[in-house]
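Asker: Protein chains in written order, with the numbering used here: chain L, 1 to 158; chain H, 159 to 676.
Keep in mind that the hints were calculated from the coordinates and are not lab data.
Any given hint could turn out to be false.
Restraint-style ranges between C-beta atoms, simulated for each label pair [unchecked claim]:
| # | chain 1 | residue 1 | chain 2 | residue 2 | range |
| --- | --- | --- | --- | --- | --- |
| 1 | H | Ala405 | L | Glu6 | 49 to 59 Å |
| 2 | L | His61 | H | Thr292 | 50 to 60 Å |
| 3 | H | Pro533 | L | Ser56 | 49 to 59 Å |
| 4 | H | Lys257 | L | Arg139 | 25 to 35 Å |
| 5 | L | Ser3 | H | Gly184 | 31 to 41 Å |
Quick caveat: nothing in here was measured; it's all calculated off a predicted structure.
Beta carbons: idealized from backbone N, C-alpha and C, even for Gly.
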Amino acid sequence: MTSIYEPWDAARGAEIIAQHTPLEGATLVILHALQEAFGYVPEPAIPMIASALNLSRAEVHGVFTFYHDFRREPAGRHVLKLCRAEACQAAGGDALAARAEAKLGIALGNTTADERVTLEPIYCLGLCATAPSAMLDGRVVGRLNEARIDALVAEAQR
Amino acid sequence: MTLRIFVSRDAGAVAVGADEVALVLGLAAHKRGTEIEIIRTGSRGLYWLEPMIEVATPQGRVAFGPVTEFDASSVLDAMISGGAHPLRLGVADEIPWLKRQTRLTFARCGVVDPRSVADYRAHDGYKGLERALTLGPDAILADVTTSGLRGRGGAGFPTGIKWKTVAQTRAERKYIVCNADEGDSGTFADRMIMEGDPFVVIEGMTIAAIAVGATKGYIYIRSEYPHAVEAMNAAISAAKRAGYLGARIGGSGHSFDLEVRVGAGAYVCGEETSLLESLEGRRGIVRAKPPLPAHKGLFGKPTVINNVLSFAAIPFILAGGAKAYADFGMGRSRGTMPIQLAGNIKYGGLFEAAFGITLGELVDDVGGGTLTGRPVRAVQVGGPLGAYFPRALFDTPFDYEAFAARDGLIGHGGIVVFDDSVDMSKQARFAMEFCAIESCGKCTPCRIGSTRGVETIDKIRAGDRVPENIAVIEDLCNTMKFGSLCALGGFTPYPVMSALKHFREDFGAAPPRLQAAE
């Protein structure tokens, strides 16, 4: 299976940056757009953003590293995010997270060796009345139980 | 005749199979040769019944739920025949859980098509704006003040005063910012209203713009809410096409443009000054106040920054409802609060009620206790920075001041229920851990204190010099509470101290002496 993301290309990166440069406070918008295209924010893009927005490299790097969402390197083919916040904890989320970790053989925050699955914590999807909840590649899933988490993990491994 | 069927597109309903149900309904109707129209609405907020689907009948909309994809075709048969079905709930508006609410802000949520300006207008939408345009700024501000509305994000600051400050500040450019960075666990009202009735948020922001003389607005939505981002963007486009955004709104001399910006997974950006920094394209580092955002906010310009629910309350108030709104509530908490029941709860969802309802009524009566059927031991009110309340405090009325008097806060109105299997020292540790993960790093009590807090609670949990370490935690919480720049470091002590105070036995210490019921 090929990646849904484009490989990094400086000209394409410059094009994306230029698209959003006129916006007020464009840095986050640009970082999101780059990550959407390439699956992560490639290192060479940082000085390009800085030069487009008349900022220092350090400033852009600071923004990039401040936010949990932005990736330095590509994630696994599938990203499974498990909600670890209080409402999901109250509904048994801790045990399900441990179960997913055991099934995948990795701790939260890591990618499997075959690069198929990245398992991440997320702090609240706003699905607190149908907890515990998760998100697989942007698809939300609620009322998780052992069977449903197993199915999600299996789907992610495919 | 075409059967009109309503299926929620709310993320909470989609997460439990609403899309699949809609798909099966379509296929089943095709097979039967029945003409149906599926309207994707928001959620009514009765999440334990989601996916809840409704059919238009002469008696009103009849609901069925919770419907799985396997039930969908038999439900369709019951809809066609009008016959009985085990999942039939009766007329939706008559469901007791819904009927006992006071839905002012959420009146349309789950009812209308969130993509349709026409449907919004057909359900009293834009009446507030139309009246606001005839009133002018001063009278709008007077109405907002009369309503007694206080900021629904958690701080409870009077909205009328905030708006008036911005209105009185001279500048060539002013901004309206909607804080939709709803990061508190146990809260989902912002998400629901953005997905289910986005025009009410747009209308509220537009009224604010007219009141203070702003021409540009931003809605900052957290990235964890892709469905809300999509719904708001679609609604903004629709409002522009209908002449409700852009130049000369509704044929008036006012112009107002609105844009969605997406956060990037930083909880602290729910704090207003951090949110403004983030909108400006910087690290979400908290700003010291003063200057207030009302004087120097986004890009240094006077800015109204309010929570989604504050803006969403405005159209009702401006449509002639200021006095009616103020007539609900108790003390200085006027109007209604969309309360969110979550966690280990039997009947979880959105319950909009006048201030004054007690915590016990909400948890036991409305919420039906825990889903696991075990006794309720603790509830956390107001998100990760809110206090844990034991059953002994269930007589606390839902009111800003009443919760503050008991060392808690109502915050954004989320209530997370825990059963008796909860380990409160673990929850206290999580509060510190969460603060450590999410701290912006600007002030020391929050940045360092949270990490020291985790370490110290770990020692307590390991039985290491428990009384001494509890004293350290209490001291640390005091420092964080009074020494932090914003609510993240300043309020993290609430869950920690409340857990210690009310559930001391979970910290390896002797339980507190029985306190007389207050």
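Asker: Next step is simple, just say for each hint if it's right about the structure.
Answerer: Hints versus structure:
Range check, alanine 405 of chain H to glutamate 6 of chain L: about 37 Å between beta-carbon atoms, so the 49 to 59 Å window is missed. In this structure the hint that histidine 61 of chain L and threonine 292 of chain H lie 50 to 60 Å apart at CB holds, the actual value being about 51 Å. Restraint check, proline 533 of chain H to serine 56 of chain L: a C-beta distance of roughly 57 Å satisfies the suggested window 49 to 59 Å. Between lysine 257 of chain H and arginine 139 of chain L the C-beta distance comes to about 34 Å, which sits within the given range of 25 to 35 Å.
Evaluation of the 31 to 41 Å hint for serine 3 of chain L and glycine 184 of chain H yields a pass: the beta carbon distance comes to about 32 Å.
Comparing the model with each earlier hint shows a violation of hint 1 alone; every other hint is respected.
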